[in-house]
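K.L.:
Each chain is listed here by its residues.
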Amino acid sequence: MRNKDAPAGLEPLGEFAETAFPDIPQKLPAGVRVNIRGRSILLRGLRLPPRGIWKWLVILGPGLIATSAGNDAGGIATYSSAGAKYGYQMIWVMVLLTLCFSVVQEMCTRLGAATGRGLLDLIRERFGVGWTLFAIVIIVIANGGVTISEFVGVGAASELLGVSRYISVPIAAVVIWYLVIFGSYARVEKVFLVMTLVFFAYPIAAILGGPDWGEVTKGAFVPTIRFEPEFIFLIVGVLGTTITPYIQIFQQSSTVERGAARKHYGPERVDAYVGSVFSNLMSISMIIATAATLYVAGRHEISSAADAAKALEPVAGSSASLLFAVGLLGASLLAGGVLPLATSYAISEAFGIPKGVNLDFRRGKTFFGLFTAFVIIGAVVALIPGIPLFALLVAIQVLNGVLLPVILVFILLLVNNRSLTGDLKNSLTTNILGWATFTLITIAVTIMLAGQALDLFGIKLFG
Amino acid sequence: MVMLTELLGYRVWDRRGRHTRLDDLCVALLEDDYPPVTYLLIPLHTGQKHIPCSEVSGIDRKLRRIQVEDLERVEAIENEKDVRLRRDILDALVIDLLGRRTTRVADILLRDEDGSLRIKGADAGLAAMLRRITRGRLGRVDRDALFDWKYVEFLRGDPSAVDSGAGYRLRINRLPAGEIARLADLIPYLHAAELIKLLPDEKASDVLESMSIERQVQVIDELPEDEAIELIALMSPDLATDLVGRLDLQTMKRYVSRLPERVRERVIELLRYPEHTVGGVMLNDVARLPAGMTGTEANKAIHDCLKETDFTSLVFVVDDEKREALRGVVPLKQLLTMEPDERLEDVMDPYADALDPFRPASSAAYRIVDSGVAAMPVIDNEGRFVGAMTVDAAIGALVASTSELQTLRIFS
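Order-wise, the sequence lines are chains E and C. Numbering follows our numbering, in which position 146 of the first sequence is assigned residue number 146; successive positions increment by one, without gaps. Numbering follows our numbering, in which position 156 of the second sequence is assigned residue number 156; successive positions increment by one, without gaps.
None of these hints come from the bench; they were simulated from the model. Where is the CB? At the ideal position from N, CA and C, for every residue including glycine.
With a Cα cut of at most 30 angstroms, we get these calculated DSSO-like pairs of lysine-lysine: (1) E:K365 with C:K150; (2) E:K85 with E:K310; (3) E:K263 with C:K197; (4) E:K27 with C:K253; (5) C:K333 with C:K307; (6) E:K85 with E:K218; (7) C:K253 with E:K55; (8) E:K425 with C:K197; (9) C:K333 with C:K203; (10) C:K197 with C:K253; (11) C:K120 with E:K365; (12) E:K263 with C:K253.
Among chain E residues calculated to face chain C with C-beta under 8 angstroms, some are: (13) L13; (14) R37; (15) I41; (16) R47; (17) G116; (18) E125; (19) G130; (20) G259; (21) G352.
Derived CB-CB ranges, DEER-like: (22) C:H276 with E:E230: 54 to 64 angstroms; (23) C:I395 with E:L42: 21 to 31 angstroms; (24) E:S318 with C:L138: 53 to 63 angstroms; (25) C:R174 with E:I376: 39 to 49 angstroms; (26) E:Q452 with C:H45: 38 to 48 angstroms; (27) C:E342 with E:P50: 50 to 60 angstroms; (28) C:H276 with E:S319: 38 to 48 angstroms; (29) C:H276 with E:W56: 20 to 30 angstroms.
Chain E with its partners taken away, still in its complex shape (with noise of 0.2 angstroms):
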C-alpha cells in the first residue's frame, strides 16, 4: 500500500515503505454516482452546480450590478428630491416602472445570450455606421460626464465622513482602476456584487425615519397625479434616472462577458428580473426616507445626493445622515467603476476591437486604455473646483435623453429578429410591455426636451 507521506524519491518505486507516522485523512469532495454504460462510477471532478443559498447567490450577477449602478448620485438627489417634494406620492410611478425596467433589462440580457454580441456590435452590425457613431459620440459625452458626477459624489460623502475629497477622489479611482486592470471579469463581478449590499443602507435609512406604512401602501399602488409642471418634470426626471443607456449597454456587454449562452438562457433571466427589482426598491426606499423626514418637515428642495444626507441630520438624526453618506460612496464607486466600463464596451464593440475584463493587457490595450482614459478624466475633473456639475447634468440628462428611445428602438427591433434570437425572440406579452415602455419613454422625453428647449428661450415650461 502506497503511503503518500512515504519519503519523496527516496525509495525505488513500488517499494514504499509505511511510514512512521500515518495519513491523516482527507477530506474529499462528495462527488456524484454516475452510471455510465451499466458501470456505476463516483466521479469527483464535475463541476456541479452549486446548492442551497448558493445555486440562487451565483446567478447574480449583470443584472444586479447594472441596475444598482443606475441608483447613482444623480439617481440618489432624483430620488430623494421626489420625496422630500411630494411625499410618498411618486411611489407608484416607481411600482410601475419596476415592471417597463426588468422588460427592458431582460431583453438586453436575451440579446447578448442569445447573439454572444453586445448592443452596439448588434447596432453596428444591423444598423449601420451612422447610427453607431451617433450612439457611440452620445454615449462617450454622457457617459463621460456622469462619470464625472460619480467622482463627485464620491467626494461629496467622503466629506460628509469627513475625509477630504482631495484624499477620496484619487484613492476611489485607483482602486476601481487597479480592480479592472488587474482582475478577471469574475473577480471585478464579485466585488461589484459586494459593492450593492451598501444600497441597504436606504431601506435601514428608510425605517429609521419613522414612515407611516399605510400612507407607504396608498402611495405605491394609488396613482396621484398632480398637474403641476414641476411634478411632471419630477416624473420625467424619475423616469429618465431609472431607465438610462449605460445600464442597458453595460448588462448586455457583461452578460456576453459572463458566458451566457442561448442553449442554457435562464438564470441570467431571474437576474435580471432580481436586479430591476431589487434596485428599484432601494430608490423606493430612498423616497420613503425622505418623505418621511425631509417631507413631513416641510424641507422640500433637495438639489444633490449630499444635500439629501446633510438634510436629514436635523430631522431623522445621524444614524440616518450617515447611511445615506455611505449609501452614496458605496453607490458612487460602483457606478464610477460600471459607466467607464460601459463606455469602453460600447466602443469597442462600434469599432469591433477586442474588449472585455478578462484579456490580458497586452491583447485589450484598446479597451483598458479607454477605461483608464475615463477614469481619470472622471477624477481629475470632478477635484475642479467650483465645476458647474448642475448644468452638466442636465446637459447628460438632454443627452441620454436623446439617445434613450433610439436605443430602446433598437432593443425592441433586435429582440424580434428571429434570426438573431431564434427561439429567444420576444413574446408578444414582451412586446406589448416593451413598446409600452418606449411609448412612455418616448413622452417623457419629449416634455423633458421641450422643456429645456423652451427654457433656452426663457419660457420656464415647468415653473
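Given chain E, put chain C in place with the hints provided.
P.N.:
Chain C alone, transformed into the frame defined by chain E:
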C-alpha cells in the same frame, strides 16, 4: 480603384437613358483570392434585380455613373446565399489574418482587373466610417488603414451556415491552432462555433484544446451531438475531461458513453479526481513499457506509442506482469539511444518522485518545477500507476489568476 461607399452613390444608366440607383453588389466569394463582383443589384418596380457584371460597359467616376447595356436585361437570382457587399460584409466582424486581429469592415476597396471588378482590400478605419456617413465628402482613403482581402476570413455568426453550404475561404486554417484559438476567444461564441465547424476535424480539436475552457463549453454546446463527440474524442483525454466535466450532468453522461472505448476509459479515470488536485490536472495518456523490454523492443514499441500518445518526453516503465505497478522512468532520449540488448529496467530511474492523485495540484506543481523534471508519475493509494503530472500542468496550476499574468505583462 474605387471604394464601395463611393460606388454605391453612383447611378446605373443604360443605353436608352434609363437610370436607377445601385443597391448592392454580389460577389463570388470563393472564386479567387480577390473575389470578383458578379452582379449589380438595382431596384426595379418588381423588386430588387440582378444585372450580370458582363453587362457593365464602363464606370465613369466623373459622372458617377455605371454604364450597362440594358436595365431590363436582368437575371432572376433566387439564391439567397449569395454574398452581398453592403448587406453581408459592410460592418461585419472579420478576421484580419495578417494582423491577427478582429475588426469591423467600414469600407471595401474594389479594383478593375482583367475586365472584372474585384475586392482587393477592406478599410476598418475611422476615416472610412466618416466617408460613409458623409457619402464620400469627408474621410480620405488612408492606405495604412487598408488590409489585404486575400487574408480576410469572413464569418457569418451562424454555425448552421456551414452546413447550409455557405462558402468559406479557409485561409485561417494555415494559422497555428493556438493562434486560431486566441482569435476564437475574441469573437462572439457563435462565430467561434462556426469557425470550429468549418475547420478540418484534427485542426478543430487542436483549436478547441487551446481555447479558454469557458469558450470550449459554449462552442461544444452549439455543435450537433455527433460532431461534438467526434471532436472530444480527438482531444487529449485530460483536456477532454476538463471540458466534459463542465457540461451538465446528462449531457456529460451521454457524450462520455458515446466516446470511443480507449478515450472513454481515460476520461472516466480522470473524472474520478477533483478539479484542483493532481489527479484533476494529470494526463493518463502516457507511454508505458514493461521493464523487461530490450532496447530493440522498446524502440519498436515506442514508435507505436508515438502515434497515439501526446506526452512522450518521459517513458514510464511498469512491471512485466502487474502492468499497473510503476517501476521507474526513462527519458525518451535515453530510450532511443539504448543498446539493443539492454533492458529498460537497467537504464530506468527507480527513485523517481511520485505524486498522490488527491494531493492539491498547486503544491505538487512546486515540486515539479523545483525538480526540473518534465513530469512526475502519479500513483494512487492502491499502488496503481494512474498517470503523470507534466510541467505544463504544473505551470498552469501555479498561474492561478489573470491578475498575476497582467502584472507581468503591463510592466514588461
